[in-house]
Amino acid sequence: MSKALTAGAGATASSPAIGWNKVLAAGLIAALLGSLGIGWVPISVGELGAIVRVWLGAAAEPETAGKALVLGMVRIPRALVTVLVGMGLSAAGTVYQGLFRNPLVSPDILGVSAGATFGAAVGIVMGAGTWHIVQLLAFLFGLAAVGMALLIARLVAVQPMLVLVLAGLVVLSVFNSSITLLKYLSDPYNELPAIVFWIMGSMSRAQWADLQVAAPTIGGSLIMIHTMRYKLNVLSLGDLQATSLGLNARRYRLIFIFLASAIVSVSVAICGQVCWIGLVIPHIARTLVGPNHEAMLPVAVLSGGIFLLLADTAARALTPSELPISVVTAFIGAPLFTYLLYRNRGSGWS
Amino acid sequence: MSLVCRNLHFAYNGHPVLHAVDLEVRQGEFCVLLGRNGSGKTTLIYCLSGLLRPQTGTVLLDGLDLARAARADIARRVSLVPQEHADIFPFRVLDVVVMGRTATLGFAQRPGPEEYRAARRVLAELEAEALAERGFNRISGGERRIALLARAMLQSEGTLLLDEPTNHLDFNNKYRLLEKIKGLCREKGTRVVASLHDPNLAVRFADSVIMLAGGRVLAAGEARRVMTAPMVSQLYQTPTRRIVTEAGGILFVPCDPGALSSQGVVEQRPTMRWT
Amino acid sequence: MKKWLLPIVCAGICLGLPIHAAAGARAVTDMVGRIVTVPAEARRLVTTFKPAALCVTALGLQDRLVAIDTDSRRDRLQLALAPTLASLPAVGQKSTGLNFEAILAVHPDLVILFAQKDGIAIADRLVAHGVAAIVILPEKMASLYTALELIAGAAGVPQRAERPTEACRRLLRLVESRVAHTNPEQRKCVYFASPQGIFATATGDLLQDEMIALAGGIHAGHALNGYFREISPEQFIAWNPDVIVFSGHGAGRNRAILGQPQFAMVNAVASGRIYEFPSNLAPWDFPSPLAALGVLWLAHQCYPERFADLDLLAETNGFHQALFGRDFTALGGKLAADPAGNHRRPADE
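Respectively, the protein sequence lines represent chains H, D and X.
Heads up, the first sequence is in my numbering, so the first residue is 1 and it goes up one at a time.
Heads up, the second sequence is in my numbering, so the first residue is 1001 and it goes up one at a time.
Heads up, the third sequence is in my numbering, so the first residue is 2001 and it goes up one at a time.
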């Protein structure tokens, strides 16, 4: 099917991708519904009717009301946040890999995660009254880290992309060391465990309040990135060619970096550091539909949502105590990445 | 209307590279930049495309001041075929070519079927339709150059800048490429500025020639008139003979040291200085 | 003749000294099975983590401390007992790293370390440098008593361990007498939130599990293993604890989380039985002699009707008096008020 269409005069790159998009969208919905049925409080499909009635305001016996609460206030927001974060991190990874012209780049490259973690550690050590303050600090410091990296790169002002990578490395190291310093100075029986625990990354803190922040930020950024995704093709050729082709490379780069960093910052603020998604999912997308961002970005976004949702469902349901989410993503992601490298070995990456 | 460059000075970090360069290229004219390595050819081409901003001087393209124009406006009028590059992602040749339409796309637009058709047409004009579905990183250097030329043609047929287009091309590909470019000038009135290393190619294909030495214009004008043996010898710092073939073609050949020239003079060894 | 007189005298001195010093030195076996030679009576002690410092103080040996772990220098209880502690050199912390040189610099004759992290490795290095270093592992009440005996014995004053041990045992007997005959259905399910976060709970392997059992409750996280573990909010709801206790400083944040609607139906939340360990001096919920007070308090919170006649403050004062020679209030201690009034949520909300 794909060959006939692409050989035709009007074919664009996206015909096989449209097929994948439909499959993945269906898969996402299936995964969502499936994961909503899994958990430590047994909820069966037959009880759904009663639960929906409780949501609509009907009175019910405590057990059903309890299940309605679990489904409505624990599982659904957690699943939605997980999907959003998965989608966002995949998009951020795709953007960074295109901008930096390097398929081995992950969204941590400019130090966003390190900055956000530092912000959270500051909040914990300061004894912030609510988790919202901790999250706000995480978000602000995440963006500050990227700002610092951009500023350093601007000051040096030669070879923009290479310097940006190095500046990101500097910022990353500074924030990571600062986190270690904070851990050292903090009370070892109170704040230190809280910081260590926070760093580990977990979807279990997700609530509707988080969704109120995450949905507009991540969702809005995703929409913007999706709209501009063709420009990533051009930007991935490098500044020289992108500019000669008529693109204001610097402006688009700043916009993309800001959007991707906002996504990562919000994600880290809500659920700590989640590894491997931003690195592996874009590769999966490229393997399925090729490197044209027009086609692969939607595939990456949908795959990321499914992947993280499945990983989180496994993390919370396999054992009575939750597995850290990064352990699950690494255990699945690393072999998967190796397989993809093997499979793509002849494809002509530089 | 012309591509005009007046009194161009350019320096990298205080290092002067171009000095007081003037040139004018008319519609349909094939202009070749000649010079040794490091004489400033690539810098001049980048200045003509608006990628580099000269410290002094102006570049006017059909009256449009490149220093003040918007990126997209410039890109619609002048396109660049850069030196060899390898893409980091394994795009198809067709995807690379269709990027020539970037300047016409709005913020949220993507190339549609019409753009892809146009890309195929351009490849067909260059007799390279077979390349369309192949991976850009997998084809040969010569084929890549053709693909980039196709992209540049798709981008703009007004002015074409080529940076050392014949590098790494074999004997056949060199001539075919330059013939195609010459054909563009004739049929579509495209202005072409290309930097070449081989004076023989220049004298064969170019309408006009600009000789650059150390960032300054040594000589400029109609190709066959400007390219004399003393001029070429001075440009490349190599004693060179100019031979006119029976068919009317012109060849430049370095002198044999120690041999007698047609004037009865013992020929000198070329200056052995690398640049 | 004088030529070989000096070497003989030197040799004699060198041979004589160790024999003199060795008099009274004994070998003790520490809690990880290492056999360590300790001096007859250790007068220069170094502790490397808070529970060890508390044990040393409970044994009345704090005047022998020549260096202390960094965190105990800030500890209110220790400072109230011996303000001079603040000027002792600090040697770092088990959790963030010990400074080997700082330990050696004070010429200790007994160093107390914990088995976690690199404690054993450092202990061996210290022994190689000629410093007696013992490793303790107080994780449950029994091992706590052993640790007290070991430290007291290694310091040359084994009889000192009796008083704190007996004080702890007395409190535990008191609690046991009142909760022993509780029917299984009447036992309260207790959930322990660690300083890491509201959903990081203790496991069956930790001291908190034993404390809850001694207090007559059922530990929600008993089936888990290992160090503190994270559970999902759903698991928490499924366990449906009757009583929730917080450890550490994050109480405000934790209460905010528990205030959300999905937890409203959990027994403990609905009845407002969410408590924080009340002491503003050293904590009661980790391996130290004060854990006995923690057990008493837990039992008091779980079964208030059986402890109605108990004056917690008086017991706390008495316990501190027995252990440290001064009572709790005199040391500046305050017990947080029972939050029953503030945090009880109407059951029909």
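Everything labelled a hint here was simulated from the structure, so no lab data went into it.
Here the structure is a predicted model, which is why all the values come from computation and not from measurement.
Wrong hints could be hidden among the right ones.
Reference listing, derived: stretches of chain X covered by chain H, where coverage requires no fewer than 3 residues with Cβ under 8 Å from a Cβ of chain H [unchecked claim]:
#1 2116-2128
#2 2225-2235
#3 2292-2299
#4 2310-2324
Residues from chain H that keep clear of chain D, each with C-beta distances beyond 10 Å, as calculated [unchecked claim]:
#5 G49
#6 R53
#7 D187
#8 L211
#9 V234
#10 L237
Glycine residues also receive a C-beta, built at the ideal position from the N, C-alpha and C atoms.
Could you work out which of the previously given hints the structure breaks and list their numbers from low to high? 1, 3, 4, 9 and 10
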